[in-house]
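K.L.:
What follows is the residue order along each chain.
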Amino acid sequence: MTEVAGTPILEAPLATGSADQTMVLNMGPQHPATHGVLRLVLEIDGEIVVRLYPEIGYLHTGIEKTCEAKFYQQVVPLTDRIDYLSPMHNNLCYCLAVEKLLELPIPDKAQWMRVLLGELTRLNSHLVWLGTHAMDIGALTVFLYTFREREDILRIFEHVSGQRMMTSYFRIGGLAMEAPLDFFDRVRSFIKTFPEKIDEYSNLLTGNPIFVNRLQNVGHLSAADAIALGVTGPPMRASGIDFDLRRDMPYSSYEKFQFDVPISQRCDVWGRYLVRLEEMRQSVRIINQTLEGMPEGPVKADAPKIVLPDREKMKTQMESLIHHFKIVTEGFAVPAGEVYQGIESSRGQMGYYVVSDGTAKPYRVHMRNPTFASLQALETMCQGRSISDVVAVIGSIDIVLGEIDR
Amino acid sequence: MNETLPDRESVLREKSGHPAVAAILTWKPEALTDARWDREELTLTIAREEIIAAARVVQQAGYNFLEDVTAVDWFPAQPRFQISYHIISHPHKERIRLRVMIDQADSSLDSITPVWPSANYYEREVFDLFGIRFDGHPNLRRIMMPDDWTGHPLRKDYPVEGYR
Numbered sequence: 001m002t003e004v005a006g007t008p009i010l011e012a013p014l015a016t017g018s019a020d021q022t023m024v025l026n027m028g029p030q031h032p033a034t035h036g037v038l039r040l041v042l043e044i045d046g047e048i049v050v051r052l053y054p055e056i057g058y059l060h061t062g063i064e065k066t067c068e069a070k071f072y073q074q075v076v077p078l079t080d081r082i083d084y085l086s087p088m089h090n091n092l093c094y095c096l097a098v099e100k101l102l103e104l105p106i107p108d109k110a111q112w113m114r115v116l117l118g119e120l121t122r123l124n125s126h127l128v129w130l131g132t133h134a135m136d137i138g139a140l141t142v143f144l145y146t147f148r149e150r151e152d153i154l155r156i157f158e159h160v161s162g163q164r165m166m167t168s169y170f171r172i173g174g175l176a177m178e179a180p181l182d183f184f185d186r187v188r189s190f191i192k193t194f195p196e197k198i199d200e201y202s203n204l205l206t207g208n209p210i211f212v213n214r215l216q217n218v219g220h221l222s223a224a225d226a227i228a229l230g231v232t233g234p235p236m237r238a239s240g241i242d243f244d245l246r247r248d249m250p251y252s253s254y255e256k257f258q259f260d261v262p263i264s265q266r267c268d269v270w271g272r273y274l275v276r277l278e279e280m281r282q283s284v285r286i287i288n289q290t291l292e293g294m295p296e297g298p299v300k301a302d303a304p305k306i307v308l309p310d311r312e313k314m315k316t317q318m319e320s321l322i323h324h325f326k327i328v329t330e331g332f333a334v335p336a337g338e339v340y341q342g343i344e345s346s347r348g349q350m351g352y353y354v355v356s357d358g359t360a361k362p363y364r365v366h367m368r369n370p371t372f373a374s375l376q377a378l379e380t381m382c383q384g385r386s387i388s389d390v391v392a393v394i395g396s397i398d399i400v401l402g403e404i405d406r
Numbered sequence: 001m002n003e004t005l006p007d008r009e010s011v012l013r014e015k016s017g018h019p020a021v022a023a024i025l026t027w028k029p030e031a032l033t034d035a036r037w038d039r040e041e042l043t044l045t046i047a048r049e050e051i052i053a054a055a056r057v058v059q060q061a062g063y064n065f066l067e068d069v070t071a072v073d074w075f076p077a078q079p080r081f082q083i084s085y086h087i088i089s090h091p092h093k094e095r096i097r098l099r100v101m102i103d104q105a106d107s108s109l110d111s112i113t114p115v116w117p118s119a120n121y122y123e124r125e126v127f128d129l130f131g132i133r134f135d136g137h138p139n140l141r142r143i144m145m146p147d148d149w150t151g152h153p154l155r156k157d158y159p160v161e162g163y164r
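Residue numbers (this note's numbering), protein chains in the order written: chain A, 1 to 406; chain B, 1 to 164.
In case anyone wonders, no lab produced these hints; they're calculated from the structure. In this text, a Cβ means the ideal position worked out from N, Cα and C, and glycines have one as well.
Here are the simulated DSSO-like cross-link-like pairs (lysine-lysine), alpha carbons at most 30 Å apart as the crow flies: (1) B:Lys93 - B:Lys28; (2) A:Lys100 - B:Lys93; (3) A:Lys100 - B:Lys156.
Distance ranges between label pairs, derived from CB positions: (4) A:Asp225 - B:Glu40: 26 to 36 Å; (5) B:Phe75 - A:Asn26: 37 to 47 Å; (6) A:Phe325 - B:Glu40: 28 to 38 Å; (7) A:Glu330 - B:Pro146: 33 to 43 Å; (8) B:Lys15 - A:Pro105: 20 to 30 Å; (9) A:Arg311 - B:Glu161: 27 to 37 Å; (10) B:Leu25 - A:Gly240: 26 to 36 Å.
Construct all of the structure, not just a fragment, from the sequences and the given hints.
P.N.:
Structure (structure tokens):
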């Protein structure tokens, strides 16, 4: 047992208001509007939030520590479990980081497939956000509509990877396998009807006076605050900051696609709603481009010591069998070094920091998860507003506790 | 194969025009104890006592968004802990990494929350999982582990299975 830091355990720092004016209220960890096990300690004056303190860690599973005990390729399935609403983004970010360490070039088709599936993941995640956000506000119907479309996306995921949610489809060096023959047709038929569905949601919500009044001018976050508090993704763009990693620091051949980055100067929950709706339309645009221009070729890098061989080859060629055995039992050594790979996930800037000491297991894997940082802005956005606005604001930063606690 | 610049001299020779390097050199060249350019990523090692000032300098140079703060435990090597700050620049569309090395003996460091308030959670996480104390942090409590937890799980001498 090593040295234990003797920092005193403080009470939640909420002792400023005098006891006869304010009261402390625990919201969560089992509150339905906190989207998981988030506990908010609210100091309230009547209905008005004076201070707010998010208490997290209820879902902490020590994934970063677990990664250090696994081979590089074994970490991929762990990354799905971090953000269970956008598994492909986590897969992608981790794989890109390790590929950067290995300096391994990835075939074009694999990169385009990653873009396609990444954007489908964004749609999937935004659909869950839209449904639950509207449900928090009181518009239950939208949830049923969005989950209908989400089911189509999950079926596509199941078709391509065998899993609905924990896909683990991206591997170091490319994809796990070729997509099934009718995969593109299924995506095409889904994406053909999807823009109408976005209009349908918009018709249900955008003109709905109850919804609009609950969202407009709620949860103000200025551009300066967004940067100071580490907010990224749609909430940052809804505060008027025009920055998107897909366009500004492109990865996985995003530089080859034409799309707009929606921004809003409204700085409120309504702005975030509009930005995400428009992002869904832009994702459809990107998916259409991938379907039109999908290059031919392999989906795995030509690196027999890193990428598992095809089953067929493994059964017929001695060399492949040896490589397969070596990768599975000993992993593969990754050159020493440290890299940070950032991608634009559904919720904002995700980053994987991977440190290698030259062995087959990562020395350190750290994830920068967008909503972990965005949660810090919750107090700024909720102060001086009523408790019911807290629910709207939580929905607007689209938190997933799995990725906050890891 | 990308070019690698392994040490301070080579980075200063090849990258002296880089906005972050130039800003630090104008401010205080001796605060930059080491540097590395590897896989298109720039790592600048900063003297431990200068981290707040260095953060301000790179912030002025356009590196306006603190993306992440984390640590690496190099146990049993000395100095033991490496703190990595990843800072992104919206105008330059580029990322740099500041690095501070600290010993086990005095595992404490100035908090950069005065420069970027968003460092609050990241530093709490590093404190919780590595046991590194940040001086001047507004609320240095455990964030992931229970408040009464003993030990710091991400240290290399803490077993993966825990102590049970």
